[in-house]
Amino acid sequence: MSDLVDDLRAVLGDRVRTDGAQRALLRRDASVFEGGSAGPICLCDNTAEVQHVVRTAITHGRAVVPRGAGTGLAGGAVPLGEPVVISLARMNKVLEVDVDARIAWVQPGVVNLDLSKHLAPLGFHFAPDPSSQQVCTIGGNVANNSGGPHCLAYGVTNAHILAMEVVLPDGEVTVLGGLDAEPAGYDLRGVFVGGEGMLGIATRVAVRITPNPPAVRTLLLSFETTRQAAATVSSVIAAGIVPAAMEVMDQRIIIAVENYVHAGYPTDAGAVLLAEVDGLEGGAEIDAARIAEIGRAEGATAVHLAEDENQRALLWKGRKTAFGAVAQVTPNYYLHDTVVPRSKLAEVLDRVYEIADRHDLLVMNVFHAGDGNLHPLLLFDAREPGVYERVHAAGAEIVEASLAAGGVLSGEHGVGIEKQPYMSMLFSDDDLDHQERLRRAFDPACRSNPGKVIPEGHSCADIQHLRTVPEGVWG
Amino acid sequence: MDLRIDPDELVTCMQCGLCLSACPTYRVTGDETYSPRGRIALMREVQDHEAPLTAEVIEAFDTCIQCRACEPACPSGVPYGHLIERTKETLTDRRHPRLRSLALRALRMPRLLRFGSSALALAQRARLVPKPLATRLGLPQRLPVRRSAHNTSGRDVYLFTGCVMDAWQRDVHHAAQRVLEAAGFGVTPTGDLAPCCGALHLHAGLRSESLGLTAAVDSALDPTIPVLVDSAGCGAHLKDHSSLTVYDIQEFLADHLDRLPEVTPLDLRVAVQDPCHLRHVQKVHPATRAVLRPFVREVAELDDDGMCCGAGGAYSVLEPEMSGQVRERKLDSINRLTPDVVASANPGCSMHLAAAGVPTIHPMQLIAQAIDG
Amino acid sequence: MSLDAFVDEIGDTGPVSVAGARTRWDLGGTLDPSARIVTAPTGVVEYLPDEMTVTVLAGTPVHELSQVLAERGQRCALPDRGGTVGGAIAVGENHLEVLGRGTLRASVLQVRYVSAEGRLVKGGGPTVKNVSGFDIPRLMTGAIGTLGMIGEVILRTNPIPATSIWVESSDADPFTVADVVLRPGVILSNSATTRVLVEGHAPDVASAMEALRKLGTWNECDGPFDCPPHRWSLEPADLRSLEGVHVASIGVGTAWREVEQPRRNLPGPVVEISRRLKSNFDPTGRLNPGRSVI
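Going down the list, the sequences are from chains W, G and U.
Taking the numbering used here, I'd label the letters of the first sequence as residues 51 to 525.
Taking the numbering used here, I'd label the letters of the second sequence as residues 4 to 376.
Taking the numbering used here, I'd label the letters of the third sequence as residues 20 to 313.
So here's chain W without its partners, still in its complex pose (with noise of 0.2 Å):
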């Protein structure tokens, strides 16, 4: 094992953590996932840093996990076994920032909101927004093909990414991708994204920048129910408007979210919608007020127009702190994510309140509306005994309401150890045995975070083994 260490700190110097105290910190994400433990945490400065940990790594016959800022919700970055760890998070420049060709160049560790910031002066930014933006680093949006309120209207990060510099499994460095219109060859720069760090590490990614647009109407609707609101998202998107994004909060969230962020969110609707368009102030002024129509027709008890730029942040800030913000409730929570198909919202939010209740459980639903993506959250104190078992039961059902309501395992957040078990139920073992096809194409050997997303059976990691590594090999 100091075999190991010793040969990572021939490049990396001190950047390489040994220590246990600090080694158990990296066993989790965001997510309530555990697995192994992190085996030496290498902070990495560049590429040639990365491909060294990775070659060294498999010289000493260990895998490797990379992680960004840790803020996943699948447990995607959990170590499984004990891998070597790569954090990415140092490799936090933007590189070239090209306004022509509306391509940026930047780190894998730069933060995404960050990034926007970056570009703000000359009046683009990065499209994709997760909830998590103002920490989450454009790897880990790689990774994880992350999406956000604004996806609605301009696609998940996958649309957004042109080119990307990255080591592979056996070490080789090469560029996926390209800055040409219809890159030759097939698309692995396309089947990257999304790979949860199974296919490789980028270490330097070219991303489309946006301009931003010079009118944005944001409108908050209150509702009565959250059927109407899931109601009034389906008329939007039939009327023919595609917003840039379309949210909707349920009564407990919105006082959750009301107290922390003072937004003025109204904490006795039954339930809000936040409906943003953009463009140029012709346009954006008649699709707001066509939604501010649809919503009356569905019952809305307000519609009130962000008067100002800060109203608007404010109200983005309590959306977007959301998730955090149920602390003041339960210390725990359990964020779900699943895709419906937008007719179904209102038919399995009602599922999802019932599986709920039938737990003992408090659910609070805050969600991407317009992509019919719903983010359930489960609420618990940990240190109430069985309650994970609880938590998990509800989650599963749910889970499976969803499918059966036609959708699918995850809209964001990924698959990573959370949905693995679940993979069988969306996909046959056919589609299972293709995807694992692809991932050997990329990792032969399974070295890159081995044990996520394919299940027990088709994935070339012995799941069982990874997640029994005894305790303190480390001494």
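Everything labelled a hint here was simulated from the structure, so no lab data went into it.
Don't be surprised by glycine CBs; every beta carbon is placed ideally from N, CA and C.
A few of these clues could be false.
Once the Cα atoms are required to be at most 16 Å apart in a straight line, the calculated EDC-like pairs of lysine to aspartate or glutamate come out as [claimed, not checked]:
hint	chain 1	residue 1	chain 2	residue 2
1	U	Lys233	U	Glu291
2	W	Lys143	G	Asp307
3	W	Lys167	G	Asp308
4	W	Lys143	W	Glu215
5	U	Lys233	U	Glu262
6	W	Lys143	W	Asp64
7	W	Lys167	W	Glu146
8	U	Lys233	U	Asp192
9	U	Lys141	W	Asp483
10	W	Lys367	W	Glu331
11	U	Lys141	U	Asp23
12	U	Lys141	W	Asp480
13	W	Lys143	G	Asp335
14	U	Lys141	W	Glu486
15	U	Lys233	U	Asp198
16	W	Lys394	U	Asp69
17	W	Lys394	W	Glu450
18	W	Lys167	G	Asp307
19	G	Lys242	G	Asp221
20	W	Lys167	G	Asp243
21	W	Lys167	G	Asp306
22	G	Lys286	G	Asp243
23	G	Lys286	G	Asp308
24	G	Lys286	G	Glu74
25	U	Lys141	W	Glu308
Partner residues are not named here, just some residues of chain W that face chain G (Cβ under 7 Å, in silico) [stated by the list, open to error]:
hint	residue
26	Ala74
27	Leu93
28	Ala119
29	Ala139
30	Asn382
Could you slot chains G and U onto chain W? The hints should help.
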């Protein structure tokens, strides 16, 4: 081991990680060990899971600047300030850093402090203080040998003068008093009446000493008179722990802008550096801008979201390396803005920045200059 | 023909290929003459305008699909050059109006294809947003049938803008158009003339036109240029130095020219992954023998 942290407070963190980018030490290291989420997880490892207090763990706690920028970033309302204060306190008790507590004890003895400071100033003039030591101690380039005396002009407000600041930066107090008087307030400088608020002691983990000093301030002053503080660190501490009515001086003046005289603004582009204890703890940083705006050509904003400058009370002396790295980040931001001068409402921050060659001044000094033409 | 019958026809042995309308029949090399040629099933299976999705069989002509969508005021990202849905996806090229319609790859939500072993395999999912498992639809798009034979896809659709006009100018700099028009449908230049598709709400189109007039004189025109036969993929910046007869898609990098684009070499590790993909998905090399994207 028991860090004596309230388990109900420790359980509030759900590890979402939204604090990471607000933390200056995480920002410069990219290492979760030096982040609020990481430090809380370490507290749990130590307190709940009997992890050993290794050098790495202790360093993780020691390197926290206690800027508390993570608190407003935390949607769960984790009382991080309490958690780290308790942790530092427990570790201090355990390590008996006698020298450090002795030095801090001197702060309650104003005459001794001023005598020592003047002696140091003379030594500085005689070039007896080696530069590396002066830098390490974060000393101003020219400590004052003599200070002009405080004068009481009335009993509308107290001006809290404190310990180190009174010895090293009495000019700031005089400027603050000048501005208050221009606004028609009669001022009583607290001087030796209430020598030290105890903020630095609590920062260093000396809880009982700290609270003793705060209690002494409370009993020495008339509770019907508002206490104005021109040091953000002292103000935050007094607001938290004293029973008196405490205002940051900018906060107080922002409510009385109409009483300030109309004068020709100084022809300066001023960058506002928000002391952490003004921005993240007292949350009154908009007042600094409101008060400055009529008196200077331009108030300009740094682009680093109010990130800590690395001063952190005695932090710059105790953790010079990390403190320097954090300051570099602030200097980059200042260099991008190219202001004529940086206004900082905390003595620690201004000394820390001045030591890196940044022209730094207290907002009250700028306003006093504008008023006096 | 049903999807099941298609699966049976592909079978599990012997070289095989699928013919659409043969508009790009020679792409990726000449098909080995031993290959049996199968056609894909046709028809729109399910169209859900409110979900902005359509399920369609691979043999369906693109223009038929476009008609079905247009009846409900929607459109998709597939180019209509007389070919089929499956053919367009296997080729992977974008619609000429890619700035307005989005890329083809982003619009393919789910694929069901027949594997080399003769099994019906599904990748992706039916919803507009989905990260469940690896992105098999991206892999199949543009793979010219070398990894699996596409039988059915679910595509994302989008509303047709309320107003759209084509305008042309002979004095405006095409490279400045994107600075003044927020979301153009496409910007084309043949070096003498610039043509722009302006679309959106009527007032937005009007204000875009006002902005365009600051760049030059504009007149309404019928549509895009007739493009030369050979499609080139370039970086947008390369278009500035393009010589000879051509039409260029400004900001995108696609150019149409009289000569073929020289073969673009892939980096060694990319070739290696591509070879492994081919041998993992088609171990006996029976799918579209003679053709390759590598």
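**OP:** Sort out which numbered hints this structure fails and list those numbers smallest first.
**Re:** 1, 5, 6, 10, 20 and 25
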